[in-house]
Amino acid sequence: MNNTIYEKPIIKKLQTGFMNKFGTGVFKRIRKDIDGVAIERLVEQFGSPLFVFSEKKLRGNYRKLYNAFSNRYPNVLFGWSYKTNYLDTICSTLHQEGAIAEVVSEYEYKKAKRLGIDGKNIIYNGPFKTMESLKEAAEDGAMINIDHFEEIQDLENVAKELNKKIKVGIRVNMDTGIVPQWSRFGFNIESGQALDAVKRISYGGHLILNGLHCHIGTFILEPNAYSQEVKKMVEFAYKVEDEFGYKIEYLDIGGGFPSKNRLKGVYLPPEVVVPSIDEFAEAVCDTLLENLRPNDFPKLILETGRAIVDEAGYLITTVHAIKRLPDGTRSYIIDAGVNILFTSFWYKFNIEMDREVSGTAEPSVIYGPLCMNIDVIDESVNLPPLERGTRLIISPVGAYNVTQWMQFIMYRPSVCIISEKGEPLLIREKEDMEDITKREILPEEYELKK
Amino acid sequence: MERLSQLAINDEGFIFDPYTGNSYTTNKTGILILSELKNGKSGEEIAKITSEKFNIEHSVALKDVTDFIEQLRSLSLL
Ligand SMILES: Cc1ncc(COP(=O)(O)O)c(C=O)c1O
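So the protein sequences, as listed, match chains A and B. Position 293 of the first sequence, counted from 1, bears residue number 293 in the numbering used here, the numbering being contiguous throughout. Position 47 of the second sequence, counted from 1, bears residue number 47 in the numbering used here, the numbering being contiguous throughout.
Only chain B is shown next, with the shape it has when bound in the complex (with noise of 0.2 Å):
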């Protein structure tokens, strides 16, 4: 978590990662679960908040966020 917390988001999602000098690009999901995954929260906890929010089935909720969570993982952010 101590990686993505350096990690500056704003709104539009873009992403600034001081430590390597890279830039990302997220979408609004994708801010949400950062902005979760930063409050230390789990993949299974964020994937009740998303479901809620967007009002989508929480199994796909949870595979989408642990698809994320790979992401962020093979761009060695995690």
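Same shape as in the complex, but just chain A (with noise of 0.2 Å):
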């Protein structure tokens, strides 16, 4: 009998009604590789958990939305939004296809030009942008988005200062039927607080305002959003036109394309539910060609983050633990918690296996392992029976995680990228005990008597 195949035992309840046999099949979401590197070669050359980017994948991505634009609208240019991940091979990487940089803080705006991204090539937008760093984008030629009346008169003082005229953008906000409405963010226009901005900058006399830029939110599942958005900006950028003799160069739509992922909540998959790009790329683009003046063809600027880097990147995880909730569910503890998968909040990750596990599925539950009640990478996932050791590689989660992860109890992992030769690289290395007890200070009187 040594030749039956075991299986792990399991029993299951049948509904009434409903009493077919479960198949004891094999599991189908199995990942093996990634590019063709295999998932155990990853592991063992950089450890679990580990992030891995797919250079094919990252750049085929953002040719796909940088196209879709291009090909319907005569004069496009994509700013990478830094927040959403700004590793340096990943920005590299994106600014060699052609993206400039969008950022949001001083800390940003340095790492761009550190990484060689001239000052004219940085769009710099947020609420909060501190004086020497206004002065820095400003002699640099920055593409500054104004947020506030008091970024006015800070951009006042600084032209004073340079004894020059500094371009400017103004963001705006505006009811594009998305809720909730990204209302915090610039001048909203409904209200006319827009115009107000811009009579206080045309009053002023050492701004010159060139440029609109707006956001209205991530993740929006409606292209019509956009549409509203373009028209609205449109609009209101003649009205600046014909009444302040200013000329709009650049109308800055922001982001918020989705990736394919999924929401939790939401039990279509996303290849049902995410529009393609296409559909936002016509919304935007027909909506422009539609209400701009004859020749008139100012600057299309996106600031895709996730649509473009979200897919470009896995997790690959190790099980550690295998435990029975009392209730009768099976949970897993991984090696990778909430702390590095900060999107786990909202999405509701695809969980692959590296190898074929036999044995029925059963709704799981996949705990992290930070010791924390909150840390569920997932309340409920249709897995086999694993073993310990076992990959579970999850994405997408190429988007924010790696710049808005934690380092909480232990040391935040390694990332990779493959190379579009199939080479994996480390791009950051996994921390160590130095990288956060660096900034420590333990005054003399504190320390423990040898």
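Hint data in this document are derived by calculation from the structure and do not stem from the laboratory. Careful: at least some of the hints might be erroneous.
[What the hints assert, rightly or not] Computed cross-link-like contacts, EDC-like style, restricted to lysine to aspartate or glutamate with a CA-CA straight-line distance of at most 20 Å: (1) B:K48 to A:E362; (2) A:K160 to A:E132; (3) B:K63 to A:E132; (4) A:K165 to B:D67; (5) A:K12 to A:D286; (6) A:K12 to B:E70; (7) A:K13 to B:E70; (8) A:K323 to B:E70; (9) A:K323 to B:D17; (10) A:K12 to B:E44; (11) B:K28 to B:D11; (12) B:K28 to A:E362.
[Claimed, not checked] Some chain B residues near chain A, calculated using beta-carbon distances under 7 Å: (13) Y24; (14) N27; (15) G30; (16) E45; (17) I56; (18) H58; (19) S59; (20) E70; (21) S76.
Every residue, glycine too, gets a C-beta built ideally from N, C-alpha and C.
Mind docking these for me? Both chains are given alone in their own frames, and the hints should help you get the complex.
Pasting the structure below:
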């Protein structure tokens, strides 16, 4: 009887009226490699957990987006949203593709320059821009989008100090039918606040308004919201041009396109729920062409983050323990928690196994290692009985996780990229004790006696 | 064990509980463990039997048997 294939024992209650016997088929969601590099090889080389980026996917997504827009409108520019993922290698790859930088803090501004990006190719957004950084950005000729009245004043002071007029954009917000409305950033169009900002800039005389910026929200599933946004921005731009004599050279419509990820509580697969990039591009470009005056093609800027990088990122994790909960549910403890998977609060990820596992799948819970009740990666995912050591590959995780991750009770893991040639390259080392403790100071009188 | 002895189990792994009217399905390993439990064997003993029968490590068998017993408990069959 030694040839009998072993299956972990399992017992399931049958629902009445649903008495078909459970198959013992092989579980389907298997991923043995990423871009041709075996999962096991990646773990051997860089450890687990491990973030893995695909250069092929990253460039592919960028080109798909760029082409969708540039095939429909003659003057398109992408600004890479640093906050979505500011690992040097990721930013560099997208800059190589032709994206400029979009930053929202002094730190990000400096990080872009450190990578070799000219200030002229940096869009500087955000509600908190320090005086020093505004001065630097103005000297560099960066594209600064003003968020509030104080910033108008700050920039006027910078202009006086530098003794030159500074070109600026303003951020506007508006009702596009999207809830919640992101009304806390920039100046509201409907209330007249945005027009007041233009009056104020015009009255001051130190700044030259040459652009409009807006970002209506994130993971927007409604292309029509972008039509609304673009229509209102064009209307407002012409009002500004006609009444104040400025020339609006760019319309920056922000980011917000969804990735092929699944929001919690949405049961249809993303392939069904998430509109294609072409639908968004069509909504934006058709509305532009319908509303712009003849021969006027201001630069269309996009700050797409998530839709470019999310699907290029994977997290390899390892099953550490298996536990039956009191209610009978099978649960797993893996080596990666919500501290490095910030987006798990919204997403129900795609979870794949590195090997075929036979046995009946049952709804299982996946917990992280954090010793905190909130550390749940998935409340219910159908999995066959997994062994300790099984690798679970979680995706898409390329957006926001490696910027918003938190160091908590353990080191943040390594990050690698699989180059287009199929070579795995380390792009961020796993942290060590020194990284975490080097800013600490232990005053002498607190030192423990030897 | 009394509850277990009431269960009707066929070779296909179909289980009927005349006491509650509920039915269940299990796999080959489950059938083996159930029948040994009915015979009054302990978890340790059953692990030994399954590890020999399927040629797997004793530690794995023991973990799986323990897990199966927990499943039975959560279904109130033990
Ligand atoms: C000003 C601005 N631009 C771009 C983005 C990128 O958005 P997304 O990742 O949804 O494309 C954000 C994200 O919050 C943002 O605040």
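Evaluation of the provided hints:
no. : hint             : result
1   : B:K48 to A:E362  : violated, 26 Å
2   : A:K160 to A:E132 : holds, 14 Å
3   : B:K63 to A:E132  : violated, 62 Å
4   : A:K165 to B:D67  : violated, 74 Å
5   : A:K12 to A:D286  : violated, 54 Å
6   : A:K12 to B:E70   : holds, 13 Å
7   : A:K13 to B:E70   : holds, 14 Å
8   : A:K323 to B:E70  : holds, 10 Å
9   : A:K323 to B:D17  : violated, 26 Å
10  : A:K12 to B:E44   : violated, 23 Å
11  : B:K28 to B:D11   : holds, 8 Å
12  : B:K28 to A:E362  : holds, 17 Å
13  : Y24              : holds, 5 Å
14  : N27              : holds, 5 Å
15  : G30              : holds, 4 Å
16  : E45              : violated, 15 Å
17  : I56              : holds, 5 Å
18  : H58              : violated, 13 Å
19  : S59              : violated, 11 Å
20  : E70              : holds, 4 Å
21  : S76              : violated, 10 Å
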